[in-house]
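Engineer: Residues per chain, in single letters:
Number of protein chains: 2
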Amino acid sequence: MCVLGESRLEGYHGLAYRKLVEAGVNVGDTVEVSFGDESFVGRLMPRVESDDDSVVTIKLPNGYNIGLSVVDASVRLVSPAGGLHQQPPVEEAVGFGAGEYVALISTGGTIASRVEYETGAVRPALRASDLMSLVPELEGISRLKTQVLMSILSEDMKPAYWERIARAVYSELEAGAAGVVVAHGTDTMGYTAAALSFALRGVDRPIVLVGSQRSSDRPSSDAYTNLLCAVKFAKESFRPGVYVCMHASTSDPTCAVIPGVKVRKMHTSRRDAFKAVNTRPVAFVDRDKLVFLDESSKGYVVGGGVVFKPGFSDKAALIEYYPGFSLDILNWLAEKGYLGVVLAGTGLGHVSSELVDGIARLRRSGFLIYMTSQCLYGRVNMNVYTTGRRLLAAGVVPLGDMLPETAYVKLSWALANYPLEEVDGVMRSNLVGELSARSVYSGEWT
Amino acid sequence: MCVLGESRLEGYHGLAYRKLVEAGVNVGDTVEVSFGDESFVGRLMPRVESDDDSVVTIKLPNGYNIGLSVVDASVRLVSPAGGLHQQPPVEEAVGFGAGEYVALISTGGTIASRVEYETGAVRPALRASDLMSLVPELEGISRLKTQVLMSILSEDMKPAYWERIARAVYSELEAGAAGVVVAHGTDTMGYTAAALSFALRGVDRPIVLVGSQRSSDRPSSDAYTNLLCAVKFAKESFRPGVYVCMHASTSDPTCAVIPGVKVRKMHTSRRDAFKAVNTRPVAFVDRDKLVFLDESSKGYVVGGGVVFKPGFSDKAALIEYYPGFSLDILNWLAEKGYLGVVLAGTGLGHVSSELVDGIARLRRSGFLIYMTSQCLYGRVNMNVYTTGRRLLAAGVVPLGDMLPETAYVKLSWALANYPLEEVDGVMRSNLVGELSARSVYSGEWT
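For the protein sequence lines, the chains are A and B, in the order given.
First residue of the first sequence: 1, per my numbering; consecutive thereafter.
First residue of the second sequence: 447, per my numbering; consecutive thereafter.
It should be emphasised that the hints constitute simulated quantities derived from the structure, not laboratory data.
Beta carbons are placed, not taken as given, at the ideal position from N, Cα and C, and that holds for glycine.
Mixed in with the good hints, there may be bad ones.
To be verified - Here's a subset of chain A near chain B, in silico, CB distances under 8 Å, partners left out:
1) 170
2) 187
3) 188
4) 191
5) 201
6) 204
7) 266
8) 273
9) 323
10) 348
11) 354
12) 380
13) 385
14) 412
Stated by the list, open to error - Reference excerpt, derived from the structure (chain B facing chain A, CB under 8 Å, subset only):
15) 507
16) 633
17) 714
18) 821
What the hints assert, rightly or not - List time: in silico SDA-like cross-link candidates among lysine to any residue, alpha-carbon distance up to 20 Å:
19) B/465 - B/482
20) B/604 - A/158
21) B/604 - A/326
22) A/158 - A/148
23) B/782 - A/335
24) B/735 - B/589
Only chain A is shown next, with the shape it has when bound in the complex:
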């Protein structure tokens, strides 16, 4: 938790600081930076740590941040921020009533990162409080309680961290947050969204993961819009469950809210990289409105509230099948002590028929084997072709339209929280929307 809004020229020093002081400008004020004929008007943003002390960052009216060197520029105050910084948007949660605030938990990632200007590379650095100072509009949506739980690159996420995040979210819900926003790197955000979905099954409030594809102090960062939309959904939707909230398209500041077990990062760099797979987003959000696409589901409420099971095992694996794939890999996993594997097979859920006998042996030895499809869209159906039926007979458990990555996370979770003999039953059951009786194909991929 932290208090924001005290510094008036956060992060600025050197030339930029002097020019801003001369102009009588504070962070949050609207300023004009002029280069001869050309000028830019926008809100002065706090400056992220940098060796280059000649640059000021302003947020343009379209929500983009832009960094401008003031070496040859003049700076002019257009209008002060007024009361904006008199009432800091973040306060100690002491005194917040239950449901009056959103808890924002930062785990790291690009949304919480700064550019190293000397290299152009990105490192995690920002605290949750910094995020919020980038989006003063949050004040109009909700009081916020912030916490930096960890500060890691999202590719470094692992099952043990899923548990830490689940515990932190659970604590915030217990303490009375209206909803929880988890700032997370995008690389593995889908996996963590699935992990929280299982760990906090039956949750009665929204848990929203949010990230950005471009760091928050770069021009064209999506951090601003995504964070605004995520907090809005957490505070105003009253929709139970775990979701990812990210840009819905490249062209407008609307975010899609997608169920955490049916979301996948489908592009390396586009702002609208996150797609609902075999389902639709539950809602679209922008700064002004919140539109539900799917009113039917009210979440997976379990009698008696949240079933909190935060553990994850490291004895699960995810393996994609390909022509030339050798059974040796699965045998090695079993020998190494792995308890089960999720296969991403071909098409409707196949691997080479040459592997069937070996797979049957592995199953008889107690090694668990689940089938998903590397197609990602659609669902496995192992009754159509001979090989599928032989794999079923060998004990492979088909997982319908479950994403391979979601199935892997679920297996890791099931192994940590249920006796081994119950894991097949858990995997076959639809607990939080991960396994649809019939898939709703979004038009997105067509």
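Based on the hints, put chain B in the right spot on chain A.
Structural biologist: Chain B in isolation, oriented as in the chain A frame:
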């Protein structure tokens, strides 16, 4: 090679045969099958082997096949096929001039399969000649020389078979075919398309892989349209290269022709499952027209014609990274004698930073490691984040916008055809369009 068109009631026996003989109907004729008030008019199709001798298969005007039990139905000849079966559409290639015909090589898969009516399951069975008798319209497009090279389930495809197919295609080109169509199961068609692309680099004619998502004697099979379009493209496009030709959408009989190194099966069951990833189809085809989207590329012609390198190694692997992934898997691959691995990392091309030192050790020992993205769309860029730069320093080779599956096939091919010290250079080079300088994003996935 085979001669078609001699049998007039191919595959029919029992009740259906008797009713057809009574009605004076031959395969290819237009018939009416009536059930009291309801009747169906269409062209009588040859009957695929089945225990149920009461069913006739007719092709409706919309191109769909439908199976009708004639136990309580009457059958009437509407109009005879005329000369259709007097001039068999398939002939011995003896006497065909170079460029006058398309070679059709069948490898198995659903397009060459029949339904087991007793179980509803599908087994490979049809010969190439049977395929063509299902599509008499092929006669108007091209003379055809057919061959059943193998009859396998596509999930059983493996690198050694890629070589057999490559050799068969090469022979047909040497013999003078205008183009080659390869009938193939859909599960692994993308992998084989990539394999032929590399094995037959510099080919001067079209090689078109075609399959079907529903078997050719089922109602709503896509075999008819796909085969028609594939043969048309092979004969009429004069476009060098290896392509996949499959339904472009669910709603009309148009096929998309997609480069073999940029195609992926992205749905388990839809007819339009094959998508161009990080590129666009080169053309759309239907029975009446052939429209090029991309006139710019004339294929990857290498001076002196095709560079025929049909070998593939089984010492390559494809591994998807996930949170909790252990370096042990890579160490085991190296110990087991694998020469290299294609990683499908997260986002722009990452794995956990905890793995970097171990990966550097593996590289120093001579084990080859390549990076693609599990996002599939977009391209790896390992200069943006610290972990990416550390992985580059460790010797990981980034593969741009190459699909993980294409990269795996290319590695298998490179290991079999180049000295180990040249493989990195081969993998980094764009040989047949697998690695674009800049990706063209189709609108398909948005």
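Engineer: Are the hints correct? Go through all of them and say.
Structural biologist: Against the structure, the hints come out as follows:
| no. | hint | in the structure |
| --- | --- | --- |
| 1 | 170 | violated, 20 Å |
| 2 | 187 | holds, 4 Å |
| 3 | 188 | holds, 5 Å |
| 4 | 191 | holds, 5 Å |
| 5 | 201 | violated, 20 Å |
| 6 | 204 | violated, 27 Å |
| 7 | 266 | holds, 6 Å |
| 8 | 273 | holds, 7 Å |
| 9 | 323 | holds, 5 Å |
| 10 | 348 | holds, 5 Å |
| 11 | 354 | holds, 7 Å |
| 12 | 380 | holds, 7 Å |
| 13 | 385 | holds, 5 Å |
| 14 | 412 | holds, 6 Å |
| 15 | 507 | violated, 26 Å |
| 16 | 633 | holds, 4 Å |
| 17 | 714 | holds, 3 Å |
| 18 | 821 | holds, 5 Å |
| 19 | B/465 - B/482 | holds, 16 Å |
| 20 | B/604 - A/158 | violated, 34 Å |
| 21 | B/604 - A/326 | holds, 11 Å |
| 22 | A/158 - A/148 | holds, 17 Å |
| 23 | B/782 - A/335 | holds, 14 Å |
| 24 | B/735 - B/589 | holds, 18 Å |
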